[in-house]
Amino acid sequence: MAGKTLYDKVWDAHLVHSQEDGTVLLYIDRHLVHEVTSPQAFEGLQLAGRKPWRTNSMLAVADHNVPTTNRANGIDDPVSRLQIETLDANCEKFGVTEFKMNDLRQGIVHVIGPEQGATLPGMTVVCGDSHTSTHGAFGALAFGIGTSEVEHVMATQTLLQKKARNMLISVDGQVGPGVTAKDIVLAIIGKIGTAGGTGCTLEFAGEAIRNLSMEGRMSVCNMSIEAGARAGMIGVDDTTISYLKDRPFSPSAEHWAQAEASWRELTSDDDAHFDEVVHLDATTIEPQVSWGTSPEMVTSVNGQVPDPSSDELTAKREGYSRALEYMDLQPATPISQIMLDRVFIGSCTNSRIEDLRAAAAVIKERKVATSIKQAMVVPGSGLVKKQAEEEGLDKLFIDAGFEWREPGCSMCLAMNADRLEPGERCASTSNRNFEGRQGQGGRTHLVSPAMAAAAAIAGHFVDVRTF
Amino acid sequence: MQEFTRMTGVAVPLMRANVDTDAIIPKQFLKSIKRSGFGVNLFDEWRYHDAGFPGQDSSTRKPNADFVLNKPRYNGAQVLLAGENFGCGSSREHAVWALDDYGIRSVIAPGFADIFHNNSFKSGLLPIVLDKDIVEKLAAECEGSEGYQLTIDLPDQTVTTPDGEVFKFEVDTFRKHCLLNGFDDIELTLQQRFRIEEYEVSRRQSAPWLFDAPS
Ligand code: SF4
Numbered sequence: 027m028a029g030k031t032l033y034d035k036v037w038d039a040h041l042v043h044s045q046e047d048g049t050v051l052l053y054i055d056r057h058l059v060h061e062v063t064s065p066q067a068f069e070g071l072q073l074a075g076r077k078p079w080r081t082n083s084m085l086a087v088a089d090h091n092v093p094t095t096n097r098a099n100g101i102d103d104p105v106s107r108l109q110i111e112t113l114d115a116n117c118e119k120f121g122v123t124e125f126k127m128n129d130l131r132q133g134i135v136h137v138i139g140p141e142q143g144a145t146l147p148g149m150t151v152v153c154g155d156s157h158t159s160t161h162g163a164f165g166a167l168a169f170g171i172g173t174s175e176v177e178h179v180m181a182t183q184t185l186l187q188k189k190a191r192n193m194l195i196s197v198d199g200q201v202g203p204g205v206t207a208k209d210i211v212l213a214i215i216g217k218i219g220t221a222g223g224t225g226c227t228l229e230f231a232g233e234a235i236r237n238l239s240m241e242g243r244m245s246v247c248n249m250s251i252e253a254g255a256r257a258g259m260i261g262v263d264d265t266t267i268s269y270l271k272d273r274p275f276s277p278s279a280e281h282w283a284q285a286e287a288s289w290r291e292l293t294s295d296d297d298a299h300f301d302e303v304v305h306l307d308a309t310t311i312e313p314q315v316s317w318g319t320s321p322e323m324v325t326s327v328n329g330q331v332p333d334p335s336s337d338e339l340t341a342k343r344e345g346y347s348r349a350l351e352y353m354d355l356q357p358a359t360p361i362s363q364i365m366l367d368r369v370f371i372g373s374c375t376n377s378r379i380e381d382l383r384a385a386a387a388v389i390k391e392r393k394v395a396t397s398i399k400q401a402m403v404v405p406g407s408g409l410v411k412k413q414a415e416e417e418g419l420d421k422l423f424i425d426a427g428f429e430w431r432e433p434g435c436s437m438c439l440a441m442n443a444d445r446l447e448p449g450e451r452c453a454s455t456s457n458r459n460f461e462g463r464q465g466q467g468g469r470t471h472l473v474s475p476a477m478a479a480a481a482a483i484a485g486h487f488v489d490v491r492t493f
Numbered sequence: 002m003q004e005f006t007r008m009t010g011v012a013v014p015l016m017r018a019n020v021d022t023d024a025i026i027p028k029q030f031l032k033s034i035k036r037s038g039f040g041v042n043l044f045d046e047w048r049y050h051d052a053g054f055p056g057q058d059s060s061t062r063k064p065n066a067d068f069v070l071n072k073p074r075y076n077g078a079q080v081l082l083a084g085e086n087f088g089c090g091s092s093r094e095h096a097v098w099a100l101d102d103y104g105i106r107s108v109i110a111p112g113f114a115d116i117f118h119n120n121s122f123k124s125g126l127l128p129i130v131l132d133k134d135i136v137e138k139l140a141a142e143c144e145g146s147e148g149y150q151l152t153i154d155l156p157d158q159t160v161t162t163p164d165g166e167v168f169k170f171e172v173d174t175f176r177k178h179c180l181l182n183g184f185d186d187i188e189l190t191l192q193q194r195f196r197i198e199e200y201e202v203s204r205r206q207s208a209p210w211l212f213d214a215p216s
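Chains A and B, in that order, are what the protein sequence lines are.
No gaps in the numbering here: position 190 of the first sequence is 216 in the numbering used here, and each next residue is one more.
No gaps in the numbering here: position 95 of the second sequence is 96 in the numbering used here, and each next residue is one more.
Honestly, I wouldn't trust all of these hints.
Stated by the list, open to error - Ranges between beta-carbon positions, derived for each pair:
1) A:D297 x B:M2: 40 to 46 Å
2) B:M8 x A:A358: 44 to 50 Å
3) B:G148 x A:N128: 54 to 60 Å
4) B:G148 x A:R191: 20 to 26 Å
Stated by the list, open to error - With a cut-off of at most 20 Å between alpha-carbon atoms, the simulated SDA-like pairs for lysine to any residue come out as follows:
5) A:K342 x B:E137
6) A:K342 x B:F184
7) A:K271 x B:L211
8) A:K77 x B:I197
9) B:K35 x A:W37
10) B:K177 x A:Q45
11) A:K77 x B:E188
12) A:K188 x B:L189
13) A:K188 x B:F184
14) A:K77 x B:D185
15) A:K189 x B:E137
16) B:K35 x A:T112
17) A:K271 x B:W210
18) A:K77 x B:K138
19) B:K133 x A:E344
20) A:K126 x B:L189
21) A:K188 x B:E137
22) A:K188 x B:D213
23) B:K138 x A:E344
24) A:K271 x B:P209
25) B:K133 x A:P104
26) B:K177 x A:G48
27) A:K271 x B:Q193
28) B:K35 x A:K188
29) A:K188 x B:W210
30) A:K188 x B:F212
31) B:K35 x A:R76
32) B:K35 x A:V105
33) A:K189 x B:E171
34) A:K77 x B:W210
35) B:K35 x A:D47
36) B:K35 x A:V50
37) B:K177 x A:V50
38) B:K35 x A:A115
39) A:K77 x B:K133
40) A:K189 x B:V130
None of these hints come from the bench; they were simulated from the model.
Note that CB positions come from ideal geometry on N, CA and C, so glycine has one too.
Produce the complete structure using the sequences and hints provided.
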């Protein structure tokens with residue numbers, strides 16, 4: 027019999043019951059909750075007279091709507107305020123642990139889960155948010171769910187699921203200096219496309235992945251959903267285990283040794299079967315910049331905007347033309363000539379301490395270009411912010427002309443006051459460049475934190491390796 | 002949950018690929034703590050010229066006459082013909098609620114993003130996968146003839162055109178069963194309460210740290 031993949035192992039360990047047609051009842055270990063996708067679920071629970079099955083599996087935080095300035099003054103927007111107050115009230119009522127807006131531990135749900143040790147190897151982790159795939163970096167099976175499923179997990183601690191297919195993405199060899207986890211994942215999506223992983227659980231492997239820190243691995247798994255996969259996973263190794271030591275929600279001293287021994291099993295067996303295998307050569311990956319309105323519309327910083335009229339693009343002509351029109355870009359424009367209005371360093375993809383260090387390292391006493399209207403840094407959590415301040419990174423950013431904000435989703439999706447105006451162009455470390463994502467009519471280019479910082483200083487995209 | 006058995010309704014074609022959930026219902030409307038009322042803001046940025054915000058009186062807005070849903074011939078549409086990878090992006094179930102609230106009962110596409118596909122069944126919206134050629138053919142027919150209606154039969158798993166052409170589609174047995182009966186998943190799962198409890202007992206032994214309280 028063939029061995030098991032990492033996904034097979036975690037899946038099998040959570041089967042409560044299997045039906046004949048392959049639908050299974052899957053046990054959920056960790057349920058992360060935020061303000062946008064939970065109110066209707068809490069309400070449903072209450073209307074049916076139910077209670078959460080296991081409140082200590084839940085951890086809640088408000089992140090999507092929170093302001094990133096002047097928190098002491100509360101939330102101006104009454105609709106956002108009501109949503110956050112609703113989360114507070116629900117958590118209070120049902121006894122769910124919540125990090126409130128002014129708690130130092132508050133932050134983006136996918137940053138705080140791992141930071142607290144609330145995401146552990148071998149767990150099933152869900153959240154009403156598609157970037158739950160982030161937590162797969164720990165060898166957990168983590169995926170986003172809709173609000174009805176949020177209610178289902180609250181009420182039953184389980185989900186009705188069908189198993190996905192196994193897809194291995196192996197990034198072979200080492201990336202060059204200045205090439206980051208974000209570039210790797212953008213290159214993967216550029217290769218397999220935004221629907222390339224639909225119906226699959228991805229496993230990222232290969233030397234380039236093994237060499238990444240946990241922060242880097244989270245950036246990669248975060249964008250699994252942009253490749254169409256609900257979940258992306260990475261096998262457990264020393265990097266995983268040392269990250270988890272002594273975190274508040276990590277196993278107690280009494281259970282640590284047993285936990286560690288079991289986590290060491292969480293890699294795919296050598297003879298495991300994958301339904302699909304994709305290889306990328308890490309040595310050829312350059313810093314990436316997206317040019318269009320889907321994350322697969324991406325190229326190297328030294329490349330150019332494609333020309334939809336060229337023969338090899340016949341099949342994609344319509345979509346590409348539409349994207350270029352929205353992005354207000356001419357075919358064959360060199361990426362390095364694209365001028366920017368704003369720069370956003372943040373989001374659950376790239377707002378961890380390592381991301382902020384990489385961005386700060388680019389500055390070298392230079393200033394944000396005068397043509398840039400705004401460059402902002404939004405740390406992923408209060409603890410990331412504190413750590414960065416202890417290292418003096420805030421000062422480097424502020425001196426260069428960046429704004430230093432309070433943690434939250436911010437301009438990743440522009441649900442709070444941080445947004446692009448129509449027609450504005452932004453270099454962003456977030457994960458989605460959809461039309462209107464960062465504000466109606468706004469234009470987003472996805473890049474790594476170092477590339478975003480360099481673009482802020484130059485006013486346009488530049489190759490960070492020679493900057 | 003709303004039942005789904007058979008229906009006949011006006012179809013509307015929106016064939017661009019990768020229509021994401023941000024496009025289906027933009028984020029500002031996600032601030033609502035309700036499950037209803039999203040229909041007026043379905044495809045908001047495409048449907049209106051002016052920027053939309055929650056709580057606005059939609060009768061004062063400037064509709065984009067070129068957007069397909071605004072064309073009078075598609076009034077009351079119940080079937081959406083869509084392009085590849087429909088519903089990609091964010092997990093917001095609000096996208097399904099918006100389609101449902103607008104009156105769409107079924108989306109027919111060559112492929113759906115996984116989370117959207119899953120969410121649809123929870124609100125009684127039927128996602129149907131047909132070959133790309135077939136969906137494109139239906140869209141072309143639909144554009145070519147005003148009042149074009151499709152009949153969807155879930156028990157038989159068929160889509161029938163006005164000319165009587167019939168296309169078979171696949172649907173998961175369990176999901177079909179739930180949709181036909183309007184079953185509530187949670188109620189069904191709670192009938193297996195004892196199994197969940199048994200699982201927890203054994204899991205507590207094999208992986209006790211999963212039940213540790215935070216320090
Ligand atoms: S940072 Fe952006 S992608 Fe991440 S959870 Fe927040 S809104 Fe979603």
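Hints versus structure:
no.	hint	verdict
1	A:D297 x B:M2: 40 to 46 Å	holds (43 Å)
2	B:M8 x A:A358: 44 to 50 Å	holds (48 Å)
3	B:G148 x A:N128: 54 to 60 Å	holds (57 Å)
4	B:G148 x A:R191: 20 to 26 Å	violated (41 Å)
5	A:K342 x B:E137	holds (16 Å)
6	A:K342 x B:F184	violated (41 Å)
7	A:K271 x B:L211	holds (15 Å)
8	A:K77 x B:I197	holds (15 Å)
9	B:K35 x A:W37	violated (33 Å)
10	B:K177 x A:Q45	holds (14 Å)
11	A:K77 x B:E188	holds (13 Å)
12	A:K188 x B:L189	holds (16 Å)
13	A:K188 x B:F184	holds (18 Å)
14	A:K77 x B:D185	holds (16 Å)
15	A:K189 x B:E137	violated (30 Å)
16	B:K35 x A:T112	holds (11 Å)
17	A:K271 x B:W210	holds (13 Å)
18	A:K77 x B:K138	violated (49 Å)
19	B:K133 x A:E344	holds (16 Å)
20	A:K126 x B:L189	violated (34 Å)
21	A:K188 x B:E137	violated (29 Å)
22	A:K188 x B:D213	violated (29 Å)
23	B:K138 x A:E344	holds (18 Å)
24	A:K271 x B:P209	holds (17 Å)
25	B:K133 x A:P104	violated (45 Å)
26	B:K177 x A:G48	holds (14 Å)
27	A:K271 x B:Q193	violated (36 Å)
28	B:K35 x A:K188	violated (29 Å)
29	A:K188 x B:W210	violated (27 Å)
30	A:K188 x B:F212	violated (26 Å)
31	B:K35 x A:R76	holds (19 Å)
32	B:K35 x A:V105	holds (12 Å)
33	A:K189 x B:E171	holds (17 Å)
34	A:K77 x B:W210	violated (24 Å)
35	B:K35 x A:D47	violated (34 Å)
36	B:K35 x A:V50	violated (30 Å)
37	B:K177 x A:V50	holds (16 Å)
38	B:K35 x A:A115	holds (15 Å)
39	A:K77 x B:K133	violated (44 Å)
40	A:K189 x B:V130	holds (19 Å)
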